[in-house]
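Student: Residue numbers (the working numbering), protein chains in the order written: chain A, 548 to 605; chain B, 32 to 350; chain C, 41 to 557.
Be aware that a few hints might be false.
DSS-like mimics (lysine-lysine), calculated; alpha carbons at most 30 Å apart, straight line [stated by the list, open to error]:
{"#": "1", "chain 1": "A", "residue 1": "K555", "chain 2": "C", "residue 2": "K98"}
{"#": "2", "chain 1": "C", "residue 1": "K87", "chain 2": "C", "residue 2": "K98"}
{"#": "3", "chain 1": "C", "residue 1": "K98", "chain 2": "A", "residue 2": "K559"}
{"#": "4", "chain 1": "A", "residue 1": "K573", "chain 2": "A", "residue 2": "K555"}
{"#": "5", "chain 1": "A", "residue 1": "K555", "chain 2": "C", "residue 2": "K231"}
{"#": "6", "chain 1": "A", "residue 1": "K559", "chain 2": "B", "residue 2": "K212"}
{"#": "7", "chain 1": "C", "residue 1": "K87", "chain 2": "A", "residue 2": "K573"}
{"#": "8", "chain 1": "C", "residue 1": "K87", "chain 2": "A", "residue 2": "K559"}
If you're looking for bench data, these hints aren't it; they were derived computationally from the structure.
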Amino acid sequence: MSVNELFKEDLKIINIGLESFYTELKAQDIPSIHVQWKPFAGGNRKMASLLGKLKSSK
Amino acid sequence: MTVREKIYNGLFIASDLRQFLLARPILELRVHSVFETSVNLLTQEEELVTFASSGRDIMPMGMVAAVPGVSVWGLRAGDTLSSDGRLVFNLPRGAGSIWLKDAHVRPVSLTQPLQVKCSPGIMALDLIKTKLLLANADGISPLIAWMPEGDTPPSTRKGNVYCTFIYRDLELFLKVLVSDKPEHALDLTERLIGFGPGLTPSCDDFLAGILLSLFYDSPWGNDANNGLRENLERVAVIARDRTTLVSYHMLRHAASGRANEAYLELLRAIVEDDLDALDSLIERVLAYGSSSGADFLFGLYCARKISADNIRTSRSDSE
Amino acid sequence: MIDTIVRENAYFDSVTLMLISREMKKLDGVEEVLVGMGTDLNLDLVKMLEMFLPELEKVTPNDLFIAAKFDESRVNMDELIASFDEQINKKKESHAGDYQPPTLRSAIEYLPGANFVVLSVPGQYAADEAENALREGLNVMMFSDNVSIEDELKLKRMAVDKGLLMMGPDCGTAIINGVPLCFANVVKRGKIGVVGASGTGTQEVTVLIDQLGEGLSQVIGTGGRDLREEIGGLMMIQGIEALLADPETHVILLISKPPAPSVEKKIYDLVADSPKPVVIDFIGGNAESVLRAGAVPCVSLEDAAKKAVALLRKQTPVDFDGFDASEQEIAHVVDDAAGRLAPEQKYLRALFTGGTLADEAIKYLGEHYPIYSNIPLTPDRALAKLEGLAGHLCLDLGEDEFTRGRPHPMIDPMTRTEFFESHIDETTAVILVDVVLGYGSHEDPAGAVADSVIKIREKLASMGRDIVAVASVTGTDKDPQDLKQSIEDLEQAGVIVMPSNAQAVRLVDRIMKTAGL
């Protein structure tokens, strides 16, 4: 894969985050999909960092 | 204008389903139940086949098609689908056909033996426990706070109403599982099968985790214990009349080492202490059903925890 | 009382069953509800909770039962059943639309051939998601900011190894294969390729190229930190190489703040060998070194657009630092504006939503006037040093200190509207604003500015005063907002609308000089 190969393809986009970006892509008929994203560890920052530490201390 | 028949292509097909279909030139499938992302079908041999929409993980005797939801097929309970032995199914009422010829074949059992490391997945088990406690799911997984060790004094109410009801039976089951005759625990499954909320009741998901782990666990699963497989299969027999059809088939598969792809990967990641893979797998599995994934994870956790403790004990004995 | 209903051979997925039981429990007067499949053990639970009725004797594991305990003076079984049916129907409706998978992996399965991820999750999670995407062989545009520089380096190295784009973090603008991404305008496709480290700067340049009648091949964003020493310009270099190899691209245009010296050298080395003409706007950077590298330096974003177009048309690029309108017209506008101001009106209020546009303004005006700002040219002009409202002010309202807890002012004009109310009074002489259209932006940013200007002018009119307002609109006639209407609304409110940010800034300079500010 190179960036120049991407230039020859049609964009097919996965949107993760702000749903408005997805809505706008849809409005332009760009093949796209929106991910119902949920934060790692349910968004609990303390827990996320704890889990992160658990991983890195391996 | 010519009306062209709509063709739905399979993305993935379970290896067991593929084998099953190819062995039967003529096959009729009856639609048993229809959900948003899957259709369950029954063969005349009462084998359960699942057709799912994309986004679902591949399951034993299942396939995943490139459709956003299964409603596009217009199937209703009682419909029949015929296949011609060439992996093509014609949908009723001219809704088109489903082609499984080009679907990627995916395994639904582990093809390689598990590599148990010297520290048998301790970090992995901690990660699961933390995440399950945090998820506080609806089924019986909140009991992970007390199990399998069970050294806290029992209080009258633990977690939700399901936890409270099943606590003692589950405790007994696990106690026997850690004893020197673990296979006897399987006799106690009658007191668990079919219990809990959901289409696959919580305890069944839990047991699927236990069965799958037992099947692949080397201390029990090797040839030294030939009786084990028989015992596991007995659980499936018990399940036949005591739980839902979908749940029975899940337990039957688990007792033979077959399960959803993510469940198998999860087992592998725990045993190999592959924390990076585990992290995203847990997230993926927790999204299963309302609590199915969490209950399965809880079962897997208990089985692996017991196994890990056994390994440590036997090591210190031999020193 | 207790009651129960049974649905034979009724199958609902576990999530639906869970939602149903939660919603029913919320009903006033309901004590306990169990929704489950009729297995022996589940019925044992019903018995234990003393909710068992004879109807449940014949239930099988494949039947759905609902057992409820409730206060019949407050709720009845019919209402419970109605709630059950409502939940089931609601569930169906919510899934009638597009399927939204829960993870990147399932998204890939549902959208076979997916090749691009737009990422705008909170910064602390963004790096992990980007890494997953790159690992799956997907190109990434990361709008998220607050990602560590270590993570950025790791991600960009990974992308370069795999030949993928890793645009960002903090990348707001790109147009790939003609598709405007995040904050971008709808421009013609054409032969000019852009690599930009700044969002609104890139928008301004692409819009002007479109207005000049040419189009864009690819517009690649890098994120603001790409040209720092730590990152080494990994994405800018990757972008330049891709544009050099791209047969659709005939002229290359680079936009950024001045790079770190080591990065600058790498870029000049690459550019020096380019068979395609390269235009460089390192805003406020050194023109000499650009020339030495064989590239074309610029005096403004607008100048960059004009020079790229000239080179594409095989014309000689010349510096543009004037106006589209004739000198006579400009002199008339300036005199009229300056003549409207009372001697007590002394200060400039430049309120920008676009960071690069604010940067361009302060770099030009800051040379001639002491301007206080959140992005000051010298520390003694920091916003905190401003006493009251007595001084010139130029703000980049898109910076963190103004956006905390609310959307970027390009999405939500409220922040700027509030500044109009708090920071503009009878001592204000000139207002300078940007209006950025395109995808991502608010549906009518011009309308919001026009309303604010009308309000201020009404307030000042009661004191017998007026004010001068100058704007530029970054947009094309193909953008989702109406460009023509936007300009009309502004002009109706008495705003002088200039064809580019650079010309708006220069006009303000002329007005301030003429009025003796």
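Student: For each hint, tell me whether it holds in the structure or not.
Tutor: Cross-check of the supplied hints:
The straight-line distance between the Cα atoms of K555(A) and K98(C) is roughly 64 Å, outside the 30 Å bound, and the hint therefore fails. Of the supplied pair hints, the one linking K87(C) and K98(C) holds, its CA atoms being roughly 15 Å apart against a limit of 30 Å. A C-alpha spacing of about 53 Å is found between K98(C) and K559(A), which places the hinted pair above 30 Å, so the restraint is violated. The hinted pair formed by K573(A) and K555(A) meets the criterion: a straight-line CA distance of about 21 Å does not exceed 30 Å.
Annotation: proposed proximity of K555(A) to K231(C) holds, straight-line Cα distance about 15 Å (limit 30 Å). Taking the CA atoms of K559(A) and K212(B), the gap is about 56 Å. The hint is violated against a cut of 30 Å. Annotation: proposed proximity of K87(C) to K573(A) is violated, straight-line Cα distance about 52 Å (limit 30 Å). Of the pairs offered as hints, the one joining K87(C) and K559(A) is violated, with about 54 Å between alpha carbons and a cut-off of 30 Å exceeded.
Of the numbered hints stated above, those contradicted by the structure are hints 1, 3, 6, 7 and 8, listed in ascending order.
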